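> Please assemble the complex out of the two chains, which come individually in their own frames, going by the hints.
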Amino acid sequence: MGANIAVNSDNKETWGGGGAKPFGASYGKMMMWFFILSDALTFSGFLAAYGLTRFKFIDSWPIADEVFTHIPFIHGNFPMYYVAFMTFILIVSSVTMVLAVDAGHQMKQKKVAWYMFATIVFGLIFVGSQAWEWKTFIKGSYGAVKTSDNHILQFVKDGHQIALADFIHTDRKDDRIHHTRKNGLWFDQEPAIAQYSVAQVQEAFKKDPSLLIRTERVNPETKQKIVLSREESLAQLALATRVVEGANLIENEYGNPIFADFFFFITGFHGFHVFSGIVLNIIIFFNVILGTYERRGHYEMVEKVGLYWHFVDLVWVFVFTFFYLV
Amino acid sequence: MGHAHESNTKRIWIVLAILSVVTAVEVGLGIAKPESLHLNGFGTSWLNWIFLILTIVKAYYIAWAFMHLEGEKKWFRRSLVWTAVFLISYLTFIVLIEGSYLHETLAPLVKW
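Protein chains in written order, with our numbering: chain F, 1 to 326; chain Z, 1 to 112.
Extracted from the complex, chain Z is given alone in its bound form (with noise of 0.2 Å):
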């Protein structure tokens, strides 16, 4: 609240339309899987690093727009979007190198 209550309706439907076309872009790629995407890469394939980037591309739309973080107070944006990327920056790193481990450990145990 606190700020002005115009329509926004264009706004509105520009967003369904970025939203459409980026889920259409992924689905598109993982039924196509082309190859240089698919079996080249830095770290995981590009692929995966397209996936990961147009994923948060959607994240930043839906909490921008519908959620209505771009008319928030800065500092409040902050305190909810930084406390998020954060945590679940830290957790994810964390966890991914233990599973990478894991699989080191283990796989050399496991019988084909």
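Next up, chain F with everything else stripped away, as it sits in the complex (with noise of 0.2 Å):
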């Protein structure tokens, strides 16, 4: 393969372009770069297939800051805080790592281990936030009904949403629990069922005069989910077929299904990126403290991973406006 290429093999930079730089940029570098610009296409896709999807589902599509309005060990409505706080932490992530950069640029070992560090600290805490994320969003927070239309049909009390656990007090009729290997038919299986029965929610709402029904639908004047009157809602309500608590790629009490299917498909890609950088981040870690870079005279390699790192950070800026803000 050697007589192939066009430049001098016996040189050890080979793997390394030949030692032929265009645009001043090292062959490692250049291609770090350029794999970035592919990635960040594949994302670009990602993104806009949900934009598509989006405005196909214009006028009922779930209003992200009724979504997430969870943070940990704190009960209560707090849109965006927590998304917020982990956008500030992957910034300061790459913060600490241009620092590990330009501490590498000057040759300084130990600063450039001991930023490394941070960052890979900051990466674990955001991957911890987002599975954290993904956890509340999988569990709900409200429940909701689905109708033979297969439209989401939340419950209002006094113009705030309500769980369903706040207004039915009854307890099952049905006798319906949930198959297990042990207590069903010892062949079958299922998935968790919802803790109501349709009849419940159904008696529990026709006892409270004071609840209303509010729809996916959005009103485009407000901007805000149409709340249907007493007798809608009741009508509504009759046609409900299964309970739907928290979500999965089938359905969701936000809304339309495919809003969690594009959440967990492009916060999880970019999850697994994140995921990623930190496997990286570690191994250049530990080839910085053996002094691997120190011999080698240069601290590039901590540059390049850098690079992707800051990627990851690129990307999730996009993800944070399209999911959370927009």
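Since the hints were derived computationally from the structure, they do not count as laboratory data. A quick note: this is a predicted structure, and the numbers were derived from the prediction, not measured. For every residue, glycine included, the Cβ atom is placed at its ideal position computed from N, Cα and C. Please note that the accuracy of each hint is not assured.
[Unchecked claim] Restraint ranges, calculated between C-beta atoms of paired labels, are given here:
1) F:Ile125 / Z:Phe42: 35 to 45 Å
2) Z:Thr83 / F:Trp134: 26 to 36 Å
3) F:His160 / Z:Ile94: 34 to 44 Å
4) Z:Lys111 / F:Phe167: 21 to 31 Å
5) F:Ser276 / Z:Phe42: 49 to 59 Å
6) F:Met107 / Z:Glu35: 54 to 64 Å
7) F:Lys206 / Z:Ala32: 36 to 46 Å
8) Z:Glu35 / F:Glu231: 45 to 55 Å
9) F:Ala131 / Z:Val81: 32 to 42 Å
10) Z:Val21 / F:Glu231: 46 to 56 Å
[What the hints assert, rightly or not] Distance condition first, Cα-Cα at most 25 Å in a straight line; then the derived PhoX-like pairs of lysine-lysine:
11) Z:Lys10 / F:Lys110
12) Z:Lys10 / F:Lys111
13) F:Lys110 / F:Lys304
14) Z:Lys10 / F:Lys21
15) F:Lys223 / F:Lys173
16) Z:Lys74 / F:Lys304
17) F:Lys206 / F:Lys146
18) F:Lys139 / F:Lys225
19) F:Lys225 / Z:Lys33
20) Z:Lys33 / F:Lys21
21) F:Lys225 / F:Lys207
22) F:Lys111 / F:Lys157
23) F:Lys111 / F:Lys304
24) F:Lys223 / F:Lys157
25) F:Lys108 / Z:Lys111
26) Z:Lys33 / F:Lys157
27) F:Lys304 / Z:Lys33
28) F:Lys225 / F:Lys21
29) F:Lys157 / F:Lys225
30) F:Lys146 / Z:Lys111
31) Z:Lys10 / Z:Lys111
32) F:Lys206 / F:Lys157
33) Z:Lys111 / Z:Lys33
34) F:Lys146 / F:Lys21
35) F:Lys225 / F:Lys206
36) F:Lys146 / F:Lys173
37) F:Lys207 / F:Lys223
38) F:Lys225 / Z:Lys10
39) F:Lys206 / F:Lys223
40) F:Lys223 / Z:Lys111
Shown next as structure tokens:
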């Protein structure tokens, strides 16, 4: 193969492009940039697909700050605070990364190691937070019912959404239990069933005249979900077929299931990038402590991994905008 | 490589400050949703315009300062940025128009 390459192959730097440096960038750095460019286009493809779907269902798309309203250990309604915190953590990790690169330029091994360590810790906090965000989303907050038309109906009292548990006080009458191999048919098992039956929800709703139904539809004038009158609410609730709690790939209590699909897919793909970034950072971190780059005479490896890490932050800026803000 | 390696820590902290302030403004507006910005606008709400522009501002600072594009050769930078900007604008343009078309065509068929 060496015969086909037009550069001097007894040169030690053959793997690095034979020492040729178009645009003054080293082989590794340039290829990292081109990889990042192609990865950026992949993410754009996903976000564009999300945009298409959102435009397709523009009159009934879930409102993000009604979906992501939780922060760990505290009860209450706090739209966006936690995701703002996650965004800030990722920006700070980008800063410690760039400080590591800067320290590398000055050949300060200890400083590079500490900054790399900080970057890894912030990265772990970010993925941890994302896992928590997923868990909260999967678990759900209020519960809803699905109608035979495949629309989600939520419950409102005094203008605020109310959880199923807050107005259903009766016991389940249909004797339905969660089938597992242990207690159902021995050969059968099923995913967890909803806490309440449809009949239970309908009965409790009829008992309390102050309850209303909120539909998936958005009123374009106010950009709020439409709340039905009491009569319309009762008529809609009569169509209910399933109780939906939380979100998965098939249904979600916040509205259109494809919202959850895109959320899981895009934040999942981003989270996987963060995870790979952390793994790369750990590898480089150990190389730094072992003195590999000190012996090599430069810390360009830190710079290249740094590029990838900043890219992860860059993508998050867009994911944050399109999932939580716009 | 190839450029001077003086320490740039001051610039890094300034960029951190800019990015934090921009994020804080975004979150503040996202929570408050002032009616004048949320319910009026050109094409989409003014609020969405603000979010999109601030996102591009943040992306600029990350790419130019943190990823150090500002220190790369001009045409290397352009080979990356122009490619991405061109392809992404094209894709977004086509796909969002198509999305609106799907909505116009399919929304009347949905039973509410």
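> Evaluate each hint against the coordinates.
To see whether the hints hold, each was checked on the structure:
| no. | hint | result |
| --- | --- | --- |
| 1 | F:Ile125 / Z:Phe42: 35 to 45 Å | holds, 39 Å |
| 2 | Z:Thr83 / F:Trp134: 26 to 36 Å | holds, 33 Å |
| 3 | F:His160 / Z:Ile94: 34 to 44 Å | holds, 41 Å |
| 4 | Z:Lys111 / F:Phe167: 21 to 31 Å | holds, 27 Å |
| 5 | F:Ser276 / Z:Phe42: 49 to 59 Å | violated, 40 Å |
| 6 | F:Met107 / Z:Glu35: 54 to 64 Å | holds, 56 Å |
| 7 | F:Lys206 / Z:Ala32: 36 to 46 Å | holds, 38 Å |
| 8 | Z:Glu35 / F:Glu231: 45 to 55 Å | violated, 30 Å |
| 9 | F:Ala131 / Z:Val81: 32 to 42 Å | holds, 33 Å |
| 10 | Z:Val21 / F:Glu231: 46 to 56 Å | holds, 50 Å |
| 11 | Z:Lys10 / F:Lys110 | holds, 20 Å |
| 12 | Z:Lys10 / F:Lys111 | holds, 16 Å |
| 13 | F:Lys110 / F:Lys304 | holds, 19 Å |
| 14 | Z:Lys10 / F:Lys21 | violated, 30 Å |
| 15 | F:Lys223 / F:Lys173 | violated, 39 Å |
| 16 | Z:Lys74 / F:Lys304 | holds, 19 Å |
| 17 | F:Lys206 / F:Lys146 | holds, 17 Å |
| 18 | F:Lys139 / F:Lys225 | holds, 22 Å |
| 19 | F:Lys225 / Z:Lys33 | holds, 15 Å |
| 20 | Z:Lys33 / F:Lys21 | violated, 50 Å |
| 21 | F:Lys225 / F:Lys207 | holds, 24 Å |
| 22 | F:Lys111 / F:Lys157 | violated, 57 Å |
| 23 | F:Lys111 / F:Lys304 | holds, 17 Å |
| 24 | F:Lys223 / F:Lys157 | holds, 19 Å |
| 25 | F:Lys108 / Z:Lys111 | violated, 66 Å |
| 26 | Z:Lys33 / F:Lys157 | holds, 23 Å |
| 27 | F:Lys304 / Z:Lys33 | violated, 40 Å |
| 28 | F:Lys225 / F:Lys21 | violated, 57 Å |
| 29 | F:Lys157 / F:Lys225 | holds, 14 Å |
| 30 | F:Lys146 / Z:Lys111 | holds, 14 Å |
| 31 | Z:Lys10 / Z:Lys111 | violated, 59 Å |
| 32 | F:Lys206 / F:Lys157 | holds, 13 Å |
| 33 | Z:Lys111 / Z:Lys33 | violated, 31 Å |
| 34 | F:Lys146 / F:Lys21 | violated, 61 Å |
| 35 | F:Lys225 / F:Lys206 | holds, 22 Å |
| 36 | F:Lys146 / F:Lys173 | holds, 20 Å |
| 37 | F:Lys207 / F:Lys223 | violated, 30 Å |
| 38 | F:Lys225 / Z:Lys10 | violated, 47 Å |
| 39 | F:Lys206 / F:Lys223 | violated, 28 Å |
| 40 | F:Lys223 / Z:Lys111 | holds, 20 Å |
Hint check: violations occur at hints 5, 8, 14, 15, 20, 22, 25, 27, 28, 31, 33, 34, 37, 38 and 39; the rest are consistent with the structure.
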